[in-house]
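There are 2 protein chains.
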Amino acid sequence: MSGNVLEGIRVLDFSRVFAGPAATQVLGDMGAQVLKVEPPGGDEARYYGVTKARLERFGGVSPSFLALNRNKRSLEIDLRTEEGKEIARALARDVDVVVHNYRPGVMERLGLGYDALQALNPRLIYAEFSAFGTTGPLAKAGANDLALQAHSGLISITGEEDRSPVRCGSAIVDLHGSLAIVSAILGALFHRVSTGVGQRVESSLLLSSAHLMSYFYTEYWMDGAMHKPMGTANHLSVPNQAFPGSDGEVVIIASTNEMWQRLVAALGPEGLDGPEFADVFDRRSNRAALVKAVSAITSTKTCAELLAILEAAKVVATKVNTIGEAADHPQLAAVGGRVELPVGEHRIGSVATPFSFSNAPSAEVSSPPVLGADTDEVLAEFGFSRERIEAFREAGAFGRSQAKN
Amino acid sequence: MSGNVLEGIRVLDFSRVFAGPAATQVLGDMGAQVLKVEPPGGDEARYYGVTKARLERFGGVSPSFLALNRNKRSLEIDLRTEEGKEIARALARDVDVVVHNYRPGVMERLGLGYDALQALNPRLIYAEFSAFGTTGPLAKAGANDLALQAHSGLISITGEEDRSPVRCGSAIVDLHGSLAIVSAILGALFHRVSTGVGQRVESSLLLSSAHLMSYFYTEYWMDGAMHKPMGTANHLSVPNQAFPGSDGEVVIIASTNEMWQRLVAALGPEGLDGPEFADVFDRRSNRAALVKAVSAITSTKTCAELLAILEAAKVVATKVNTIGEAADHPQLAAVGGRVELPVGEHRIGSVATPFSFSNAPSAEVSSPPVLGADTDEVLAEFGFSRERIEAFREAGAFGRSQAKN
Numbered sequence: 001m002s003g004n005v006l007e008g009i010r011v012l013d014f015s016r017v018f019a020g021p022a023a024t025q026v027l028g029d030m031g032a033q034v035l036k037v038e039p040p041g042g043d044e045a046r047y048y049g050v051t052k053a054r055l056e057r058f059g060g061v062s063p064s065f066l067a068l069n070r071n072k073r074s075l076e077i078d079l080r081t082e083e084g085k086e087i088a089r090a091l092a093r094d095v096d097v098v099v100h101n102y103r104p105g106v107m108e109r110l111g112l113g114y115d116a117l118q119a120l121n122p123r124l125i126y127a128e129f130s131a132f133g134t135t136g137p138l139a140k141a142g143a144n145d146l147a148l149q150a151h152s153g154l155i156s157i158t159g160e161e162d163r164s165p166v167r168c169g170s171a172i173v174d175l176h177g178s179l180a181i182v183s184a185i186l187g188a189l190f191h192r193v194s195t196g197v198g199q200r201v202e203s204s205l206l207l208s209s210a211h212l213m214s215y216f217y218t219e220y221w222m223d224g225a226m227h228k229p230m231g232t233a234n235h236l237s238v239p240n241q242a243f244p245g246s247d248g249e250v251v252i253i254a255s256t257n258e259m260w261q262r263l264v265a266a267l268g269p270e271g272l273d274g275p276e277f278a279d280v281f282d283r284r285s286n287r288a289a290l291v292k293a294v295s296a297i298t299s300t301k302t303c304a305e306l307l308a309i310l311e312a313a314k315v316v317a318t319k320v321n322t323i324g325e326a327a328d329h330p331q332l333a334a335v336g337g338r339v340e341l342p343v344g345e346h347r348i349g350s351v352a353t354p355f356s357f358s359n360a361p362s363a364e365v366s367s368p369p370v371l372g373a374d375t376d377e378v379l380a381e382f383g384f385s386r387e388r389i390e391a392f393r394e395a396g397a398f399g400r401s402q403a404k405n
Numbered sequence: 001m002s003g004n005v006l007e008g009i010r011v012l013d014f015s016r017v018f019a020g021p022a023a024t025q026v027l028g029d030m031g032a033q034v035l036k037v038e039p040p041g042g043d044e045a046r047y048y049g050v051t052k053a054r055l056e057r058f059g060g061v062s063p064s065f066l067a068l069n070r071n072k073r074s075l076e077i078d079l080r081t082e083e084g085k086e087i088a089r090a091l092a093r094d095v096d097v098v099v100h101n102y103r104p105g106v107m108e109r110l111g112l113g114y115d116a117l118q119a120l121n122p123r124l125i126y127a128e129f130s131a132f133g134t135t136g137p138l139a140k141a142g143a144n145d146l147a148l149q150a151h152s153g154l155i156s157i158t159g160e161e162d163r164s165p166v167r168c169g170s171a172i173v174d175l176h177g178s179l180a181i182v183s184a185i186l187g188a189l190f191h192r193v194s195t196g197v198g199q200r201v202e203s204s205l206l207l208s209s210a211h212l213m214s215y216f217y218t219e220y221w222m223d224g225a226m227h228k229p230m231g232t233a234n235h236l237s238v239p240n241q242a243f244p245g246s247d248g249e250v251v252i253i254a255s256t257n258e259m260w261q262r263l264v265a266a267l268g269p270e271g272l273d274g275p276e277f278a279d280v281f282d283r284r285s286n287r288a289a290l291v292k293a294v295s296a297i298t299s300t301k302t303c304a305e306l307l308a309i310l311e312a313a314k315v316v317a318t319k320v321n322t323i324g325e326a327a328d329h330p331q332l333a334a335v336g337g338r339v340e341l342p343v344g345e346h347r348i349g350s351v352a353t354p355f356s357f358s359n360a361p362s363a364e365v366s367s368p369p370v371l372g373a374d375t376d377e378v379l380a381e382f383g384f385s386r387e388r389i390e391a392f393r394e395a396g397a398f399g400r401s402q403a404k405n
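Line order of the protein sequences matches chains A and B.
For the first sequence, the numbering used here begins at 1 and goes up steadily by one.
For the second sequence, the numbering used here begins at 1 and goes up steadily by one.
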């Protein structure tokens, strides 16, 4: 193997909460040095869902912070102070990439906008992630993952027929946005090889959500078609949804006639071999009857029995897993999808970056950083003397709690 | 502006349906030349959800195919023929990137596995996308987006409390996987600049789904915690969910005490200023009562009224849009999120790649290709004579329907 893909690349990360930190974790896994600049008190995701039991056991770091902040060092910097701004500019002069998700205009007011930093460092790649983008009627509006699930129409197609729709249970807009940021930064790094200069790259929760909805928007733009929630089913094929077993649910996918015939042979044929289910179009028209007929059979068998029968018949089927069943499934570990995170004396599982390189190792896994733990070390690496660093501390550049020490 | 980010990069794309095609569309938007190699009859996504009306109006191309296949040329090649394999190997020798999503082992049996192609072209980047990865107990299992929504536990946390859970309405595992493939390919292109050689990169629906679930898995791995569906709400903060207006639903997010006080002033204070809702922990404990109290107020106002009141109070709120409202919202067009796709005499909207470059234009948008329309042209570009191409046709390398001509 050669070295890491991003060996020698330095990333200055002002982003907080989910999408930005998830993006820079991927860059860190690829070998970049990620410097996480946190405001006094730290990235608010450090405290999401922290309970007393977790505080005692794991030192107060939240699950989502642990999940998205390995392979980084932390600097605690108060950007409202002149000294904090001076430090940020000095670091930006010598890194390859800046990432932030402040609302449009905030970094400019801090003297850390693209134009200001590009003048200091023409090779800089400056990645901005916002809620709705930096122009247009909603540019100034705040939002989170849920807001974009609602705005994008994703909620409108998620849920049960004839009931109020629901959200997708995970922060998928944030996490999809993280790979949009990663793609943009990697594209700009590649482009820099030939152009010699950096550039500003942009993504947003809005664009991330629209990408997740792209085929629904195109269909609407073609002829006005819209869809409704269908439980676990979808409008494209039947059966392609969950069915009850005696001890849980199993999704069964048999969208072609050939697959359906295999399913009929495996689970029937009684009840399933009628002409009302003979063809793709019949099955789509008679979905309710088909679901009833298949369910009558599946509900008499355990999930394990159903999976064995359907696997033997080469029908695609998967158990509707709980989070625990999914996280601990041996397949995830077998493909390197789980890495071990050292947290104090614990080793906690963490989900790997979702792609790998045959000729480049992933970076060794280091714990999510303690807030501000690396401030002095990093500033020394960037050439600040111990005296300068102490003067910054006295001036409150690292937050008032540090200044008081 | 400089040239496109991927100017001069050639991609040979054997992938079908959603994740792979979505990935190569992004590469095409970045300026790569994408050669889509389709089996006789074409990528099956060409026919998903095609109705008679669409067939007449748009020439039979499906919404999802239109959404994910701009900026490509199409070759129809029968890889089961010796001539088809010969063509594929000849193209692979001269491109930068190969992408495929055949089941593990299929490309090897066709003589198109990584080892074979790498021997012909050491600079080749070979991207494999599979269902569950290429090793482990499930390596040979088939799956689709729904199967991984089920396997990953995403379905287990999506839906209403105390009812059967549902799927997320869009193929988010596929689409997230597409950006994993893009990231891996861009990383390998950047790495190739320093190493001089290509490599094999890998992703899967499994890794994509696990990444979307990463913070839930970490929490489970910490102390066994699992979550349940909560409608539009989530376990981290209250209120952070949908509320009824008189003419639709609005999500309202007021997770801190400061935001909650602004909400109380804007919508109340009657009914909302009690001690049972005073603090973050109170609101989380009394969520049902809070939702009832807020709903009693919101249901008397239209969505437009609610959004105006909450915007003025600086409380984050968004309408639960239909697909049409989302697709046609002026914000999407304002940030370049909609591009126009020429399809015959129509121009149909299409969702843009979810990131942009200040110093590199997106490629001009070209229509999704007609099946096999570019076979002859591309083979000529790769040095095949007209006679060779005709001999391939006679031998059935482009499918039997062409051989008969």
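The set of hints was computed from the structure by calculation and includes no laboratory data.
Note that the coordinates shown come from a computational prediction; the quantities given were computed from them, not determined experimentally.
One thing to keep in mind: the hints can contain errors.
Copies of the same chain are indistinguishable here, so a pair counts whether it falls within one copy or spans any two.
[As the list claims (entries may be wrong)] With a cut-off of at most 30 Å between alpha-carbon atoms, the simulated DSBU-like pairs for lysine-lysine come out as follows:
1) K228 x K292
2) K314 x K301
3) K314 x K292
4) K52 x K140
5) K52 x K228
6) K85 x K301
* Asked: Of the numbered hints stated previously, which ones are contradicted by the structure, given in increasing order?
  -> The structure breaks hints 4, 6; every other hint is satisfied.
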